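**Student:** What follows is each chain in one-letter form.
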Amino acid sequence: MRHGEGGPHGLPGISTTGRRAGTFCLLLIVALAAQATRVQVFRKDELDHNPANQRLTVRRYSEPRGNILVAGAPVTGSEPTGGRYAYRRTYPDGGRYAAVTGYSSQTYGNTQLEGIYDDLLSGTDPRLASWAVWDAISRGRQPGGDVRTTIDPAAQQAALRGLGDQKGAVAAIEPATGRILALASTPTYDPGTFAGTSDADRQAWDRLQADPDQPMLNRALRQTYPPGSTFKVVTAAAALSAGVVTDPDAPTSAPYPYVLPGTTTALPNDTSACNRPNLSLRQAMINSCNSVLGYLGVQVGLPGMVAAAQGYGFDDGELDVPVRAARSNFDTVMDRSQLALSSIGQYDTAATPLVMAMVAAGVANNGTVMYPQLVDRLTRGDGTPIQLMSPREYRQAMSGAVAEQVRQLMVDVVEQGTGRNARIAGATVGGKTGTAEHGEGNSGTPYAWFVSWAKPDGSDAVPPVAVAVVVADSSASEVTGGGLAAPIARAVMQAVLKSR
Amino acid sequence: MASPSATARGAVPARPVRTRRNTELALVLAAVLIAVFGYAEVGLNLDGEVPRGAAGYGAALGVLALLAHGAVRWRAPYADPLPLPIAVLLNGIGLVAIYRLDRATPRSAAAPAQLLWSALGVGLFIAVVLLLRDHRVLQRYAYLGALVALVLLVLPVLFPPVYGSRIWITLGPFSFQPGEFAKILLAVFFAAYLAVHRDTLALTGRRIWKVRLPLGRVLGPVLLIWAAFVGVMVLETDLGTSLLFFGLFVIMLYVATARSGWIAIGLLLAAVAAVGVGRLSPHVHSRVTDWLHPLGSIAAGQGANQIAQSLFAFAWGGMLGTGLGLGQSVLIGFAAKSDFILATLGEELGLVGLVAVLLLYALLVSRGFRTGIALRDPFGRLLAIGLAAIVGLQVFVVASGVLDLIPLTGMTLPFIAQGGSSVVTNWIIVALLVRMSDTARRPPPEEPA
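These protein sequence lines are chains A and B, in that order. Be aware that the first sequence starts at 1, since it is given in our numbering, and climbs by one per residue. Be aware that the second sequence starts at 1, since it is given in our numbering, and climbs by one per residue.
Among these hints, one or two may not hold up.
Claimed, not checked - Take a look, some chain A residues computed to stay more than 10 angstroms from chain B by CB distance:
#	residue
1	GLN209
2	THR263
3	PRO303
As the list claims (entries may be wrong) - Using C-beta positions, here's what the derived DEER-type ranges look like:
#	chain 1	residue 1	chain 2	residue 2	range
4	A	ALA200	B	GLY296	29 to 35 angstroms
5	A	PRO385	B	GLY296	46 to 52 angstroms
6	A	ALA200	B	LEU46	25 to 31 angstroms
7	A	THR37	B	ARG442	39 to 45 angstroms
8	A	PHE42	B	VAL154	41 to 47 angstroms
9	B	VAL157	A	ARG38	36 to 42 angstroms
10	B	LEU46	A	SER390	42 to 48 angstroms
11	B	ALA356	A	PRO385	41 to 47 angstroms
To be verified - Which chain A residues face chain B? A few, computed with CB under 10 angstroms, are given here:
#	residue
12	LEU26
13	ILE29
14	LEU32
15	GLN35
16	THR37
17	ASN50
18	PRO51
Don't read these hints as lab results, they were simulated from the structure. This one's a predicted model, so the numbers in the text were calculated from it and none came from an experiment. Using N, Cα and C, we set each Cβ at its ideal position, and we do this for glycine too.
Just need the whole structure built from these sequences, with the hints factored in.
**Tutor:** Given below as structure tokens:
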């Protein structure tokens, strides 16, 4: 509806120019809508996850968090803060379960189970919703779900009490299922001290970070140590599997002294009982003879030893329980002298306590290594299950027959050999000690190791518990696996046996 | 529904004039209802119950809206039925947003004052609709108005600065921004001057290369007054208003004279001025830096600045928003209720809600332009277009600032942002548009047969 009146002398009139100006103003508003779309849709992810954006944290702590449970009882809690982050995480039992739960801090984020199941615990996991579509529309939010762990509180308690104020770790597994019964690391820390945002929280965190004893290091899962003689269990099993040894009681062809191939260095033994040629495998295990097991490892050969080690979880960089364990190492390229050293758990061989517990568990479970699992089930807040963990086979590390032979070797170690401190009345215990030297010129305090399993006397079932203990940097005057680590393993095994 | 008898007479079929007053009433009531819903949603989301003040809030908004509608029905029956409901809805949304932000900042409640200012705005709307029978009266007072506006603009220099800008006049507990009122007076002045001088401006003057420069004595006065306005605002470091005055001038000059060459010159001068000011003023320089690198302060370890916080808020809202009351836009901090209030809408109503609000503005602006085009007198046409342009430009300047499309200049979002002067001014603008649309749509008096 253009009005007749034109502009001055043939120029467009106000009807035309006004229309153009109006179009311009509307284009400005269209530009706004376009920019809003860019920010709200296309840059949403990037902006939401910017570390300076507090919204994710605000949302995470806007409701009481779901809990992590041990034997049905929560080991975590939430308390109202009255601040911007409405609830803060509490850990009623201080540091006892820090190696299991990890921490949930408003300032420093979430780790381990707190981190892996953050969506579930904070209520945003879509599996919590009964009507996912309706919840998306109504923006409804579910109360946080719970994570039920496989931990046996008695075993956990025994592990921590046994470690005491020494630096070390314990991993205990139920061999038939892979359920992790204890996971302890000392010195431990209280995740509740830095759960909030106050200055005190910040100071507690800074203190923990600066502590030279690294209390926040999860030694059971995230730290590897040379396994020393405990690795001889792997070598013995490999020798039996490969047919290098067919009868554990028959003399082997192991020479004494055993000179490392291609060198002039003889492999030394800790006890003179080993200083004889042609010892049987049983005698070699009872006395932990380096010369014999080093020789046997070389006889098995690199491919056989690598395959054997990998059967228990060595060289696996993605061992998720579901917290990822550090990669335990067994070199795949070595000369024969290095292989000999590796076969007795030295050279580059390094293992987490978790993987050494898998070694003992594999032997106990007739050669089948089960995938270690820390979580039993995920549930809604009311306890209805969302996900149940089922036992998973990790690898068949050896035949049942070989496992039976290795079990007997380990029993002999405990009954007659270096592992006597692990004996339990009324139970059959198999174990292997280890004392691994480390440091420049072996100057460091040795690591004291013990791996073992136990079952009630007369039971034909798979032993209910396998355990690995490492004590690092103990102040004890004489550091040996049998002296320091075996009693801790015994306490943990006893706790499990008693609760069955 | 053409009457057959009219066709029989061979004249243009006379369409019965539809006043659309009932449409307006329905829309006004719908607008009040939507705002009350929003108010209830804030309470439900924050406390799990409809807030106790909901009935009072709805009643207050409803009474104001109905009074305004009554005035229109009585004295401007042919008026455009859209501007009033849009204004009611925007004002209602603004009150909800401020109430919502008050909940997050318990020590500085702003919603009650905003409701009072809104009431004053509606009162002035009614006054304008009832008392201003013919908008052409304003033409007579154009120069006087411009003078008053200039005085108002200069006055804040005598008052203490607020957040670095001397744009406030404080009288006891009351404070207002004269720049807000001045823009109406400036639009009236431009419309009056250009309506008279548009032919001379368009056609006379020296021709240099391809551009015809107008005579100094014609362009001079208007340029002088405009420069005075912009100059004062620049000195008071109110960059948003300077930008608005500049845009208003260029648009009205173009609409009046159809000389697009001047737009080019204007933009060129503006660019030069912008670069110059950006170089000289550290205040402006930092705004430009924030605009180019909104997340730069985070990388520098200084935390998120306001623009970054604003972008976080928008992004968190995503498509559908968090729901009213459930956002965290209060993290933006200072000016969350005024300059940055759009971020709250973006976060809590999402892109969908934000676009809906932008559409309301677009509709309001386009109805203003339509009124201008439909009017017969050049002054009215230019005034309606100027007023509509003010709304459009202001929305753009403030929204694109908080959305990081242009550097932040600091302005209030019409009707929604906290700020008494702003709400009152925008109600007057809508009143003028309603008044003029009544004139534009009124059927011509029956010619005697």
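**Student:** A range of 39 to 45 angstroms was offered for this pair. Does it hold for the Cβ distance of THR37/A and ARG442/B?
**Tutor:** holds, 41 angstroms
**Student:** The hint names THR37/A as touching chain B; please verify it with the least Cβ-Cβ distance against 10 angstroms.
**Tutor:** holds, 6 angstroms
**Student:** Is the hint on ILE29/A kept, meaning its closest Cβ partner in chain B is under 10 angstroms away?
**Tutor:** holds, 5 angstroms
**Student:** Using the nearest Cβ pair, does ASN50/A come within less than 10 angstroms of chain B?
**Tutor:** holds, 7 angstroms
**Student:** Measuring from the C-beta of LEU32/A to each C-beta in chain B, is the shortest one below 10 angstroms?
**Tutor:** This interface hint holds because 5 angstroms falls under the 10 angstroms limit.
**Student:** Hint GLN35/A vs chain B: min CB-CB distance below 10 angstroms?
**Tutor:** Since the shortest Cβ distance to chain B is 5 angstroms, the answer is holds.
**Student:** Could you tell me whether the CB distance from ALA200/A to GLY296/B stays inside 29 to 35 angstroms?
**Tutor:** With a Cβ separation near 32 angstroms, ALA200/A and GLY296/B satisfy 29 to 35 angstroms, so the hint holds.
**Student:** Take the C-beta atom of PHE42/A and the C-beta atom of VAL154/B, compute their distance, and say whether it sits inside 41 to 47 angstroms.
**Tutor:** Hint holds: Cβ distance 45 angstroms, inside 41 to 47 angstroms.
**Student:** Checking a non-interface call: every C-beta of chain B should be farther than 10 angstroms from the C-beta of GLN209/A. Is that right?
**Tutor:** holds, 19 angstroms
**Student:** Going by Cβ atoms only, is LEU26/A closer than 10 angstroms to chain B?
**Tutor:** Result: holds, 6 angstroms to nearest chain B Cβ.
**Student:** Once the closest CB in chain B is found, is it more than 10 angstroms from THR263/A?
**Tutor:** holds, 55 angstroms
**Student:** Within 46 to 52 angstroms or not, the Cβ separation of PRO385/A and GLY296/B?
**Tutor:** holds, 48 angstroms
Taken one by one, the earlier hints all hold for this structure without exception.
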